[in-house]
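**Student:** As a plain string of letters, each chain reads:
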Amino acid sequence: MRNPFLDFRSLPYEKKEIPLDRIVRAKQEIMDSILEGYLHLVEEEVKDLVWLVEHSHVVRTYSAAVNRIRELHYDQDDIEEFCAELDSAKKIPYMISGPAGIYLSALINHAPEDRIVLRPKDFDRTFHFMGYRLPESKTLILQGNVGDFVGAGLSGGSLVVEGSVGNWCGAGMMNGEILVTGYAGQKTGEWMRGGEIHVDGSIGSLGRSRFGGKIYQRGKLVIPQELDDQY
Amino acid sequence: MTKLDDILLEIWPRVKRKHLFPELPDPVGAEGEERVGLDIKGKRISISREFVAEMSQAIEQGDVVEGLLDHAISHYLCCPWDFSTHLKLYAEAKEILRDKEMAQRATDYFMDVVADTHCVSQKETPLPQIYRNFKGGIVDEAIHALYQRIWGIDLGATGHEDISRKLSRLPYLDRTRWRESMRRFAKVIKALFEIEEKQGGSGEPSPMGDHGLEQYSPQEIEQGLKELALDAATPSEFRDIVRDFEDEILEASQSRDQGMGLGPGRSLDADLLYYMKLAENYLLPIRRMPTEKSGSLYPHQHIPWEVGKPYQDIDPWTSFGKIMPGITQTWRRREGEIFGREEGIPDCIVIIDSSGSMTDPRQRLSYAVLGAACACDAYLRNEAEVAVYNFSDARSGGQKVLPYSRYRKQIYRTICHYFGGGTRLLVENIEALQTEKAPDIFLITDMQITNLEVLVEYFNTCKNRVTAVHIGDNKHVETFRHSVAMRKNIEIYGVAKKEDIPRIVLGKVQDYLYKKVGP
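First to last, the sequence lines map onto chains S and G.
So in the numbering used here, the last one in the first sequence is 231, and the numbering has no gaps at all.
So in the numbering used here, the last one in the second sequence is 1519, and the numbering has no gaps at all.
Keep in mind the hints are simulated off the structure, nothing from the lab.
Quantities reported herein were computed from a predicted structural model and do not represent experimental measurements.
We treat Cβ as the ideally placed atom computed from N, Cα and C, and that holds for glycine.
Treat the hints with care, since some could be wrong.
Derived DSBU-like pairs: lysine-lysine, alpha-carbon spacing no greater than 35 Å straight-line [unchecked claim]: (1) S:220 - G:1198; (2) S:121 - G:1190; (3) S:121 - G:1226; (4) S:27 - G:1190; (5) G:1166 - S:15; (6) G:1498 - G:1475; (7) G:1498 - G:1488; (8) G:1488 - G:1508; (9) G:1437 - G:1409; (10) G:1100 - G:1198; (11) S:15 - G:1003; (12) G:1508 - G:1400; (13) S:15 - G:1043; (14) G:1309 - G:1322; (15) G:1400 - S:15.
Chain G regions said to be covered by chain S (calculated; three or more residues, Cβ under 8 Å) [as the list claims (entries may be wrong)]: (16) 1118-1132; (17) 1149-1156; (18) 1162-1168.
Construct all of the structure, not just a fragment, from the sequences and the given hints.
**Tutor:** This is the structure we're talking about:
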């Protein structure tokens, strides 16, 4: 009996490799490395699934995060995608907001681009510690509301938040500039040592311990003037 | 015959062979627009003569037609593949873009990218030539830049570096990640839609046409809705998507006699449709029962035949084939009700509790409504009729009674009605639904009924086959179990999760098969 499928032998079928295959494969490798780095960081730093916000703890986590990403070659798109992964939490068994924000900040601070734009408004999760230790010559633009400790320890970078920020904005910042187009929460500028914070909306309260720097509200300097009582 | 028809006749067999003979009707040439090349309705591909004429100034007519056919077939063979996938992709886009028109456009573009990329990666196709020579709006420009990047073919696209770079990272050919890719695609393309809107228009139409629901058959729409209902976490999730396609779904439902069971000329109640379609995923079995009854004389016992007695009642099997007094046996007949060998499905009374302790079916998935919907669906499929008694605080008017009906929408509307009050039923209203044929009773409740003892007493006296389903477990369930433990015509099932529902067997009685049930 004649094999009826023989007719199909003459059909030209060849799976061509198109650039998309290469792009997706390369991107996947980078994303896997970034995710692996984050998961290791969480394993090391969050032993009991509890992560306390203490200065020493934050510093140690940041150093560990920097060590994790040192060998990675990524760009702004990878950071954006990592945010999406954190948001969807499909590949991440536990998303702990503190270390996640610090890891993101480490990625941003060591990215090849000088100007990075992220859109937190596209995500359901609130990201904390965004712009932590943002270095000089880097500009981070965040489109949407963000959480607590935004711009903490800012080290000369320029952070623009097109939205509102939570509590402890600019906590312990050394230098640089934070611009917030929305409102800022409690203890804004706590332990601030230098730099400027500009808030276009209302400020919940100002930090009581400050060692330098300036805070402006709607273009008017509120710190270092003795106007703390009104907050 | 015009030239386009000649070209189609020549090219179609070749294109079909190239795509391994998809089951599609022959394409036709049609009057269309210069800017839109394709239209697909009910699987038939129509190619715009004007578009082909316009494009043929730059490309061979045969190549234009082949490219358009490749595109259309790739939609059929790869993406969206079916109505359910189309709706799921739309749902993802809608969640990001929050606008029906934008979500539809984003879904169309995404499906085009997937289908075209699939085609370019697997076949020799003139599709890139069409894109190279088509000048569209800002979104088309960005999509062309994307194609250029991911296909590695020069399409003459410039600009949109940022957008095409972001879009090029999505795994378009990985079907398992389409939903996630759709979300990211919508997020990126949203910026372009916003620019278009600022420029005061919804932009140029896609050269490959819109992908409306008219390309699907009513059967595909029905199947797609079933899958969507199963996939939706809450009724509202289903409602949000279905409402956007209300007209198309109603049209599909009216084009068939029995289709969706919605009936013609009515507005679409997405919540009813959700439970209808979800119920169709769980086909509950119903035990058949003897239904042929007779009040006439029936053969009761054998007696010896005597000369002079009629012949018609002689039983040849016990008479050894002989007519002989003393040997021949005849039947003695007796008057009374008998069950014949004819089996069937009786009608059913569905009793559903919609008191405050039950879930509101319009807010969250109600297992009670789903269970009742499954039972109704099972009886209606078997040509039986269904009566519904929906109760909460029946004494103060919190009850709805639907007499026997086969009209699905009416039945589902009654079971989906939510009172949210106290829990007391009036047995006389159930009794009023009883008929001579002893309908089955399907009860679904959490058993926290104030006058449960009245219901138990009623069940202890009735002869109907009762399927009692309790949602969750509590002390009242135990009370009910103990009270009816001796009854052989009552079967009790517990439902704690959706997966428990298929375990229910309707009309299952412990001692069944030609035995009269009851005390």
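**Student:** Now tell me if each hint is right for this structure.
**Tutor:** The hints, checked one at a time:
{"no.": "1", "hint": "S:220 - G:1198", "verdict": "holds, 33 Å"}
{"no.": "2", "hint": "S:121 - G:1190", "verdict": "holds, 13 Å"}
{"no.": "3", "hint": "S:121 - G:1226", "verdict": "holds, 33 Å"}
{"no.": "4", "hint": "S:27 - G:1190", "verdict": "holds, 22 Å"}
{"no.": "5", "hint": "G:1166 - S:15", "verdict": "holds, 25 Å"}
{"no.": "6", "hint": "G:1498 - G:1475", "verdict": "holds, 22 Å"}
{"no.": "7", "hint": "G:1498 - G:1488", "verdict": "holds, 27 Å"}
{"no.": "8", "hint": "G:1488 - G:1508", "verdict": "holds, 10 Å"}
{"no.": "9", "hint": "G:1437 - G:1409", "verdict": "holds, 25 Å"}
{"no.": "10", "hint": "G:1100 - G:1198", "verdict": "holds, 18 Å"}
{"no.": "11", "hint": "S:15 - G:1003", "verdict": "holds, 34 Å"}
{"no.": "12", "hint": "G:1508 - G:1400", "verdict": "holds, 27 Å"}
{"no.": "13", "hint": "S:15 - G:1043", "verdict": "holds, 27 Å"}
{"no.": "14", "hint": "G:1309 - G:1322", "verdict": "holds, 15 Å"}
{"no.": "15", "hint": "G:1400 - S:15", "verdict": "violated, 62 Å"}
{"no.": "16", "hint": "1118-1132", "verdict": "holds (count 5)"}
{"no.": "17", "hint": "1149-1156", "verdict": "holds (count 4)"}
{"no.": "18", "hint": "1162-1168", "verdict": "holds (count 3)"}
Figure legend: structure checked against the earlier numbered hints; the only hint not met is number 15.
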